[in-house]
Amino acid sequence: MSALVDADLLQDIKKFGKVDVSACFSCGNCTAVCPLSNNDGTFPRRMIRYAQVGMKDTLLSSKELWTCYHCGMCSDSCPTQADPGGFMAAARRYAIASYDHTRLAWLMYTQPVFASILAIVLAAFFAVFMYTSHGPQSQTSMNLFGFIPEPLIHYTGLAVMVLAFIFGVAGIVTMVQKLSHQEMKLRGKSKVSGLKALWSSIGVESIGQKRYREDCATAELEVPWYRRRWLIHSLTMWGFLGLLVATVADYGLSLIGVKMPGTWVPIWYPTRLLGTLAGLAMIYGVTMFFVDRFTKANQSAKNSAPADWMLLVLLWIVGFSGFLIEISLYLSNPPAWGYWVFLFHVSVAMELILLAPFMKFAHAIYRPVALYYLSRAGGEASED
Amino acid sequence: MSERRIGVFICHCGGNISDYVDVAAVRDAIKDEPDVVVAETTIFACADATQTDMVQAIKEQNLDGLVVASCSPKLHTFTFRGVARRAGMNPYTYTQVNIREQNSWAHTDDPAGATRKAIRLVKAGIAKTRLSTPLHPLEVETTPATLVIGGGVAGLRAAIGLADIGLGVYLIERGSEIGGWVAKFGNMYPQGRKGSKLVDELMAEVEKRSTIKVFTNAELTAKSGSFGNYKVDIHIGGPKSMGISLNVGSIVVATGFDTYEPEVGEYGYGIDGVLTLPKFKALVDSSKGSLTYHGRPVKTIAYIYCVGSRQPEGNAYCSRYCCAATVHASLEVQNLDPKVHQYHLYRDMRTYGKYELMYTETRERGSVFMKYLEDTPPSVSRNAAGQLVVTTADSLTGGQEVSIPADLVVLVTGMVPRKNDTLINALKLPVGSDGFFNEIHPKLRPVETVVDGVMIAGACQGPKNSSESVASGLAAVTQSAAMLKKGVAELDPMVAQVNAEACTWCGLCEETCPYAAVAKTEVDGREVATVDAAVCKGCGGCAPVCPQDAIDLRGYTDQQIRAMIENLAEVPAL
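As you go down the protein sequences, you meet chains A and B in turn. The first sequence begins at 424 in our numbering and counts up one residue at a time. The second sequence begins at 8 in our numbering and counts up one residue at a time.
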């Protein structure tokens with residue numbers, strides 16, 4: 424089957440990052456230096472070629488797009504300064520926008536002003552929405568759910584999660600259709616069973632960050648361990664997941680009647696302790712990502728897209744405001760700002776979840792899918 | 008014949024001869040031949056030191072004949088003629104005897120036989136030399152004018168150059184307009200200047216020079232005479248059709264090229280929107296603002312390279328100019344509208360030299376280059392929606408087949424030789440198997456042809472771009488100067504001569520001469536044959552057909568040949 428060319432593909436990808444791969448003539452220096460290239464010898468330059476020629480469907484059906492963690496060694500070694508690593512990052516942004524049929528992701532990625540206004544308006548909406556049902560701000564003890572009713576937060580949060588889930592699944596379905604079609608065409612039968620592949624993609628690679636930690640850390644041999652990208656990324660991710668678990672567990676405890684939401688607990692209380700540690704991990708991770716991007720510390724931090732900043736800002740706001748709330752809870756005299764920070768925290772957290780399928784956050788769902796297919800293919804990055 | 012003093016040098020050729028021929032035995036066998044004064048063997052006759060020894064021997068022994076028994080006369084005739092000349096001996100009293108190609112190399116299995124043969128060959132050479140007479144090159148005055156055929160850039164620039172070195176110039180152009188292809192071009196690489204402007208400049212220069220006469224609608228119909236003094240007949244068409252004759256010393260052929268016209272169906276040729284490179288160039292040249300074709304905007308262009316060039320059947324050669332011309336056209340398109348998508352489907356990019364920079368530039372500005380292999384060429388069709396689609400396999404993605412919807416498909420066609428049968432017949436131009444005119448030697452004599460005084464310049468010789476065409480035009484100017492500026496031409500004296508007393512004019516010699524060098528004349532009231540020494544090539548074809556034995560070839564007289572045969576037939580006593 425002949426792939427119909429979309430001549431605008433490269434121009435479109437350029438909207439997702441300042442990349443110019445026109446100068447690439449497929450010399451293969453990137454392939455030679457890339458820790459992920461295999462005997463097939465075409466990764467990552469084949470991805471660039473897809474964009475040059477306009478093979479849009481083939482590009483969007485490539486699991487290989489998501490195997491890269493942007494160590495940037497290819498960009499350092501590129502003789503034509505085509506920045507293959509930067510291109511891969513832009514192409515992943517393009518893919519996120521393309522898997523979303525609502526076009527919202529496309530708008531948010533390509534129109535940073537729109538995205539910023541949307542973020543502010545949406546947060547303001549949640550804040551106003553919840554404030555309309557507010558109660559008194561207790562001065563004797565920090566009674567957050569007295570200010571904003573717990574059921575309101577709970578059900579709004581649930582609604583937001585369901586919406587995000589629906590859009591996320593829609594995106595995954597689109598991606599899976601493309602990838603499985605391509606994989607069937609190229610390989611027919613999978614080499615690895617589905618369960619094994621699931622464990623490999625979610626357990627070993629996503630939670631365990633194996634490739635990121637091992638193969639793709641070659642570029643960072645000189646970097647101290649606490650500054651390495653895989654660790655910063657892991658702390659951010661584990662921190663976020665930890666917070667999610669703590670929140671769900673806290674709700675779970677109320678369901679089995681152990682502890683009502685909003686009950687004061689000491690810092691060593693398991694769910695509180697988990698939340699505190701996870702929050703610290705996330706804040707450290709996100710802060711270090713900020714530092715890297717501000718100082719352009721490595722290839723992946725050299726050219727930051729507005730979407731990169733947006734995710735960091737939202738995560739940092741959620742994490743930092745959460746800590747302020749925690750501090751306010753342990754202060755002897757409840758400060759008034761604690762209530763306002765709480766409202767702010769909840770609003771931003773909700774918009775973060777709601778917008779997740781339409782922004783950089785979505786890589787958290789698309790990358791495991793691609794890694795699943797990679798594992799199914801026996802780890803082969805080759806196309807044919 | 009009076010006594011001669013002949014020197015014989017027999018060469019070992021470093022073993023090439025002496026491994027099979029007993030060189031010393033040959034010397035011993037001929038050293039006592041009548042008239043042989045010097046008989047020596049040498050390791051390498053052609054070595055500088057040996058040449059010096061020969062010169063010394065000729066001078067000291069006052070020799071008047073020289074025999075060198077070594078390799079083929081094709082290699083060193085001029086070397087040993089030079090030896091004779093430096094020693095003050097007439098070069099035409101030297102004879103080359105070939106005992107290598109025609110002896111030692113041919114009889115490696117029979118050294119004794121080879122030695123006997125060598126002795127006979129050398130004796131024959133001595134016999135021929137004994138009867139040799141001093142000859143002197145013929146000098147003919149030359150006409151200080153050149154005919155330039157073809158009014159393209161090569162011809163125009165050559166005409167200006169010829170005029171500037173003081174030669175009269177006749178420039179004839181078959182078409183009604185001067186300027187050839189270049190006059191039709193808009194912006195040209197590498198300077199981006201318009202072709203029509205370049206031709207205007209050249210024409211302004213031509214008009215400044217009164218010694219250049221330009222004829223349009225003019226064709227050469229016949230040529231006679233010889234190098235240095237040709238008479239050419241020109242037919243001038245148009246409303247006042249007429250014929251003229253011109254006298255010129257040399258001729259520069261700069262008749263240019265035609266473009267390859269694809270067959271209908273070749274890469275979709277014939278489908279609306281499939282153009283050849285010249286047509287596309289004209290479209291780009293005439294476009295202002297954005298690029299449109301038949302009123303429709305052009306947003307995607309696919310170029311297919313090497314159409315009609317480098318074909319296993321047909322034109323095997325590379326047309327050389329088309330890669331750079333196409334890349335330049337694509338830059339022009341990018342200047343018109345940077346948003347146009349351009350796909351270049353090529354076999355090999357040959358933007359040699361500085362043109363490589365244009366290739367890099369158009370790539371960096373977004374042109375996509377896709378290599379196709381000779382056995383999997385792209386195909387062009389119109390799909391159900393009426394859209395032109397080019398399908399090709401992209402080598403860089405492992406040969407994946409891709410379909411490119413295009414508004415225009417440009418077939419990058421190369422150069423083919425022009426139809427010039429009248430000219431080829433009149434000038435006896437050597438035509439190669441590819442249909443272009445052949446030079447004598449591609450490196451060392453790049454503009455001369457085997458027809459003395461007839462030179463080729465520009466793309467009539469083979470695909471060239473305009474810079475290269477002009478350069479070869481100027482090379483033809485230099486070569487014309489070398490031929491004509493002395494005022495006289497030296498011709499080889501080894502030509503036929505007629506013994507007027509013996510001749511009874513039967514006309515057989517005139518019939519047999521391939522060069523029209525023999526004519527009838529009257530001597531003392533009798534009709535006899537005469538040979539134009541300037542036209543005669545010394546082929547010897549006339550001598551054996553003469554029933555009266557009235558024709559001799561200078562340097563190879565009947566007497567000499569007979570003496571050689573007698574010596575070759577003699578059985579040597581070994």
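In case anyone wonders, no lab produced these hints; they're calculated from the structure. Keep in mind that the hints are not guaranteed to be accurate.
Derived contacts from chain A toward chain B, CB cut-off under 7 Å, selection only [what the hints assert, rightly or not]:
hint, residue
1, S425
2, A446
3, S449
4, G451
5, R472
6, Q475
7, L700
No residue lacks a Cβ here, since even glycine has one placed at the ideal position from N, Cα and C.
Here is what the structure says about each hint:
| no. | hint | verdict |
| --- | --- | --- |
| 1 | S425 | 4 Å, holds |
| 2 | A446 | 5 Å, holds |
| 3 | S449 | 5 Å, holds |
| 4 | G451 | 10 Å, violated |
| 5 | R472 | 5 Å, holds |
| 6 | Q475 | 5 Å, holds |
| 7 | L700 | 47 Å, violated |
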